[in-house]
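Trainee: Put chain B on the given structure of chain A with help from the hints.
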Amino acid sequence: MGLKEIHPPKWADRFLQWYCHPELIEEIQGDVYEMFYRKVSDHKNVAKVQFIWNVLRFFRLKNIKKRKRNFHPSTFNVSMYQSYFVSGLRNILRNLTSSSINIVGLSIALACGVTIFLFLDSYYHRDKFHEKGDRVYLMMNKMKSADEVENWARSPYLFGPALKDEHNAIESVVRIQRDRLAVRHGDVVFSEPVWFVDPEFFNLFSYHLLYGLPNALQDRNSIVLTEEMAIKYFGRTDVVNEELSIKFPREQKITFKISGVLRRIPDQSSMAINFLIPMQNWEDHVDAAQHIQWRTWAGATFVLLRDGHKTSELDKVVNKYVKVQHEANDKFQIQSIEWIPIGKMAERSYEIAYALSWSNIPATMVAIGVIAIALVLLACFNYMNVAVASVTSRLKEIGIRKVIGGGRKEIIQQFLVENTVLCGIALAIGTLIAATVLLPGFNSLYPIHIPFEFSSSGTMFTFFGGVLVIVALISGAYPALYVSSFTPVKILRGKEKFGSKSLFGKIMLSFQFVLSFTTIVACLAFINSSRHFEKKDWGYDHEQHIFTAVKNIEQYNALKDRVAQNKDVISYAGAESHIGHAIHQTTVIVKEEQVNVNRLEVGFNYLETMNVRIKQGRFFDEAISSDKTESVIVNEAFVRKMGWTEPIGESFEFDNIKWHVIGVAQNFHYKEFYYDIEPTMIHIGVEEKYRYLVVKAAAGSVNEVSDFLKKSWSSVAPDDPYVGFFQDEVFQQFFSSNRSNDKIMYFLSAVALVLVCMGLYGLVSYNLTRRLKEFSIRKVFGASLFQLFRLMNHDYMWIVLIAFGLGAPLGFYMVSLVIRAAYPEPIPMSAWPFVISIIAMVLTVTFTIGTQLKRVAQENPTSTLRNE
Amino acid sequence: MKGTYIGELEELILLTVGILYGKAYGVAVMDEIVKQTGRSLNISAVHSVLKRLEEKGLVSSTMGDPSAERGGRRKRIFLLTAAGKRALEEANEMRNQLFNQIPKVALQFQWV
Numbered sequence: 008m009g010l011k012e013i014h015p016p017k018w019a020d021r022f023l024q025w026y027c028h029p030e031l032i033e034e035i036q037g038d039v040y041e042m043f044y045r046k047v048s049d050h051k052n053v054a055k056v057q058f059i060w061n062v063l064r065f066f067r068l069k070n071i072k073k074r075k076r077n078f079h080p081s082t083f084n085v086s087m088y089q090s091y092f093v094s095g096l097r098n099i100l101r102n103l104t105s106s107s108i109n110i111v112g113l114s115i116a117l118a119c120g121v122t123i124f125l126f127l128d129s130y131y132h133r134d135k136f137h138e139k140g141d142r143v144y145l146m147m148n149k150m151k152s153a154d155e156v157e158n159w160a161r162s163p164y165l166f167g168p169a170l171k172d173e174h175n176a177i178e179s180v181v182r183i184q185r186d187r188l189a190v191r192h193g194d195v196v197f198s199e200p201v202w203f204v205d206p207e208f209f210n211l212f213s214y215h216l217l218y219g220l221p222n223a224l225q226d227r228n229s230i231v232l233t234e235e236m237a238i239k240y241f242g243r244t245d246v247v248n249e250e251l252s253i254k255f256p257r258e259q260k261i262t263f264k265i266s267g268v269l270r271r272i273p274d275q276s277s278m279a280i281n282f283l284i285p286m287q288n289w290e291d292h293v294d295a296a297q298h299i300q301w302r303t304w305a306g307a308t309f310v311l312l313r314d315g316h317k318t319s320e321l322d323k324v325v326n327k328y329v330k331v332q333h334e335a336n337d338k339f340q341i342q343s344i345e346w347i348p349i350g351k352m353a354e355r356s357y358e359i360a361y362a363l364s365w366s367n368i369p370a371t372m373v374a375i376g377v378i379a380i381a382l383v384l385l386a387c388f389n390y391m392n393v394a395v396a397s398v399t400s401r402l403k404e405i406g407i408r409k410v411i412g413g414g415r416k417e418i419i420q421q422f423l424v425e426n427t428v429l430c431g432i433a434l435a436i437g438t439l440i441a442a443t444v445l446l447p448g449f450n451s452l453y454p455i456h457i458p459f460e461f462s463s464s465g466t467m468f469t470f471f472g473g474v475l476v477i478v479a480l481i482s483g484a485y486p487a488l489y490v491s492s493f494t495p496v497k498i499l500r501g502k503e504k505f506g507s508k509s510l511f512g513k514i515m516l517s518f519q520f521v522l523s524f525t526t527i528v529a530c531l532a533f534i535n536s537s538r539h540f541e542k543k544d545w546g547y548d549h550e551q552h553i554f555t556a557v558k559n560i561e562q563y564n565a566l567k568d569r570v571a572q573n574k575d576v577i578s579y580a581g582a583e584s585h586i587g588h589a590i591h592q593t594t595v596i597v598k599e600e601q602v603n604v605n606r607l608e609v610g611f612n613y614l615e616t617m618n619v620r621i622k623q624g625r626f627f628d629e630a631i632s633s634d635k636t637e638s639v640i641v642n643e644a645f646v647r648k649m650g651w652t653e654p655i656g657e658s659f660e661f662d663n664i665k666w667h668v669i670g671v672a673q674n675f676h677y678k679e680f681y682y683d684i685e686p687t688m689i690h691i692g693v694e695e696k697y698r699y700l701v702v703k704a705a706a707g708s709v710n711e712v713s714d715f716l717k718k719s720w721s722s723v724a725p726d727d728p729y730v731g732f733f734q735d736e737v738f739q740q741f742f743s744s745n746r747s748n749d750k751i752m753y754f755l756s757a758v759a760l761v762l763v764c765m766g767l768y769g770l771v772s773y774n775l776t777r778r779l780k781e782f783s784i785r786k787v788f789g790a791s792l793f794q795l796f797r798l799m800n801h802d803y804m805w806i807v808l809i810a811f812g813l814g815a816p817l818g819f820y821m822v823s824l825v826i827r828a829a830y831p832e833p834i835p836m837s838a839w840p841f842v843i844s845i846i847a848m849v850l851t852v853t854f855t856i857g858t859q860l861k862r863v864a865q866e867n868p869t870s871t872l873r874n875e
Numbered sequence: 002m003k004g005t006y007i008g009e010l011e012e013l014i015l016l017t018v019g020i021l022y023g024k025a026y027g028v029a030v031m032d033e034i035v036k037q038t039g040r041s042l043n044i045s046a047v048h049s050v051l052k053r054l055e056e057k058g059l060v061s062s063t064m065g066d067p068s069a070e071r072g073g074r075r076k077r078i079f080l081l082t083a084a085g086k087r088a089l090e091e092a093n094e095m096r097n098q099l100f101n102q103i104p105k106v107a108l109q110f111q112w113v
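First to last, the sequence lines map onto chains A and B.
Residue numbering for the first sequence is 8 to 875, as defined by this note's numbering.
Residue numbering for the second sequence is 2 to 113, as defined by this note's numbering.
No lab work stands behind these hints: they were computed from the structure.
Here the structure is a predicted model, which means the values were calculated and not measured.
Treat the hints loosely; a few may be bogus.
In silico DSBU-like cross-links for lysine-lysine, where the CA-CA straight-line distance does not exceed 30 angstroms [what the hints assert, rightly or not]:
no., chain 1, residue 1, chain 2, residue 2
1, A, LYS55, B, LYS52
2, A, LYS717, A, LYS239
3, A, LYS139, A, LYS149
4, B, LYS36, A, LYS46
5, B, LYS52, A, LYS46
Computed footprint of chain A on chain B, listed as stretches where at least three residues anywhere in the stretch have a Cβ under 8 angstroms from a Cβ of chain A [as the list claims (entries may be wrong)]:
no., region
6, 19 to 28
7, 31 to 45
8, 48 to 57
9, 97 to 108
In this text, a Cβ means the ideal position worked out from N, Cα and C, and glycines have one as well.
The following block holds chain A by itself, in its conformation from the complex (with noise of 0.2 angstroms):
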């Protein structure tokens, strides 16, 4: 009787009946049995493996049961559909704080994804508009250097032509040379990007005109603009025929047609044109000294291929020409050569040197997909919280729908198709955010521009279809299978026991509150770190100090006189270098040992107009004859780094010349935070060598100071753009990519709350309606608001502490990795991004909790209890 207790494998048993068809179950099994049974008295384990192989090897088309295609082939009709679309809407309207709220969710997170999605697709499709861009190559050269391989975009100046007359599949070459040069018209000068083209240029690339034609870089003396250029110079765009002249390095000044005017440069080019001129020019005015060869340099060479050519026919010319250049350059050597196609540019110009265009890394493109991925699936699964929640006033209609003969799948069909209108008009709402709000303020914050428009229109249908269908199906797959799923008796009954614990819930939103944590300590973080920055003392004053870059002694001279006669400036001094915009690196020998010092060469006065502190010692004063030749003045960083006790006094040796230590100077910022302040000597410099005049002006008069030197200068030097800053704005671009930086976290911060908060609303609805009974009862027996209240926040308090205890420490880990990575110096870290998170998420967290309450509140407990 014993071997009757054993039994075949139970799921296998259940899978043959599960698949196989009914009419031949009976036969199947039997036999399967029979077989099992005959051997279990033997073998036990052997007549269990060959019942599982049997019932595998009778899973065969024939003996599988035919699944019931349409159970009710008459109700898949479009005036069904209809129905389905018309009963969403109105449902959507009947529960509008829930739908609402689903839908800020869902189109919050959405924009966001639209936005990054527009980022990534105009991001991988620069440089794609050119019309014969399946033709034309960016010759990138792989540098040997120590030992690693450096990949350049410069390339030999000699390289491109020769190639060109030794092969017949180029069909033409276009180098490029890039310079920043003063350009004039009539009053208005400016330093410009300008760049030496060689003719080819619109032949490769399609780049449009507005006015000229297409050989318009044909004769030596013409010039392109572009729209915007002329604009800037002229005020209008047709400009063709005026002139500008520019001045060269040896100050010659040439005279320039403009011959063409470009439409604006389309945001997907990822080479910015301001000016462009024939090559000819740089051969004649910038490099004639040193005569051109194999040595010379090109900013870039792109070739164009004949149709039907490929890169590697080229191999063996190169070959040649790559010996030609290792014997005229034993410093810099090609190893070889690559072809990149012009599409593939800008997204590899991350590894490029002298590269035309930006990228980032690949990994951070990554980072930031799976960023939009999260927030958009962190939204879908709130979504489906609260979707499920608001089911429950419809249980009736679900039922009903039942009754009257709605299958399951119609109930899904509904639910689905209902779920689709909304995510829709989530989608809808959401773009419009990206286009109007997102895109707007990501474009105005950084240089960068994204257009709003996709590569294609395949693209655009490709993205908002997929993104439809994903989002509907994530959000609303898990709701509608749910609903269907009850009993109509149940449900008409009241019976129907609405979830008993929502643990899959819980861990979603715990989940969140994590990840919304993280993100709020790391952007708090983050924020508290720039704000340290802004508050931090550069180690000499900035606020009432214009400094101008000058060419030449004359220059300097005659712009010092009008100065010295302005009574608004306090005070005036002239340098070499100058703090926060130049400073120069060499090597001094101490004690017979190298040091790398940077290099700060001043007139006097200039430590005493910048403020500068001294801490030691005394500043350089024009009547001590020796000051002149052999005092110098070097930071704290230096002192440390030497070690010195006692430096005032201490000397070393410096172009061959021994430099006596006669004060020590506070640290200062000279570069941007990133940096470390390193040890720095300063001595005064030669009066001929001078190259600004820095001016301190009296409180208050910094702008008219300004202005004044501005109108000097142009009759100073009317040739010369005026190059004059105030020295506030030295670090002008690390605060203001930090004030950007700010506002993104600022976003970020508010998104992770927001969405949170959507999330705990719609498990708390869940929830509530689950103990809506209980909650009565409890009402009734006299129970304030303000326990239920308590009794209702107990459960989220909990995981707010603990996602509290997992995520802040998280984010805040995360942001001290960023900044270590990037500044030198540690940051004191305040307490407050924790305190600010934990309150904002406590704050958020009772205001839903108290929200969803007033339900209770307002609820007569009878209504509640008694329909049953």
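Mentor: This is chain B only, laid out in the frame that chain A set:
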């Protein structure tokens, strides 16, 4: 001719069904083949061949009595039909006919 063609395994199982007159069902057929020829088949293969033979009209089937060793399930008992019998005869006849045409000398193997 083409329609009544039966494969080697089909012929074997058809023969076995004939041998086990009145007692031919999946496991019994499988066991009989092992006993007679030493060929071990998987039960699912036997089932699919039997089903195919039934579709071709060479065997017919009825449900038998429930038995304890099958957990109270009934057997499907297969019987030869007239068409089945004829198919076997034809196959046998054709084989003999062909065999008889082999010249005597080809069958006389001797050690040389």
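Trainee: If a hint holds in the structure, say so; if it doesn't, say that too.
Mentor: Hint check:
{"no.": "1", "hint": "A:LYS55 to B:LYS52", "in the structure": "26 angstroms, holds"}
{"no.": "2", "hint": "A:LYS717 to A:LYS239", "in the structure": "18 angstroms, holds"}
{"no.": "3", "hint": "A:LYS139 to A:LYS149", "in the structure": "25 angstroms, holds"}
{"no.": "4", "hint": "B:LYS36 to A:LYS46", "in the structure": "17 angstroms, holds"}
{"no.": "5", "hint": "B:LYS52 to A:LYS46", "in the structure": "26 angstroms, holds"}
{"no.": "6", "hint": "19 to 28", "in the structure": "holds (count 3)"}
{"no.": "7", "hint": "31 to 45", "in the structure": "holds (count 3)"}
{"no.": "8", "hint": "48 to 57", "in the structure": "holds (count 3)"}
{"no.": "9", "hint": "97 to 108", "in the structure": "violated (count 0)"}
The structure fails hint 9 only (numbered hints given earlier).
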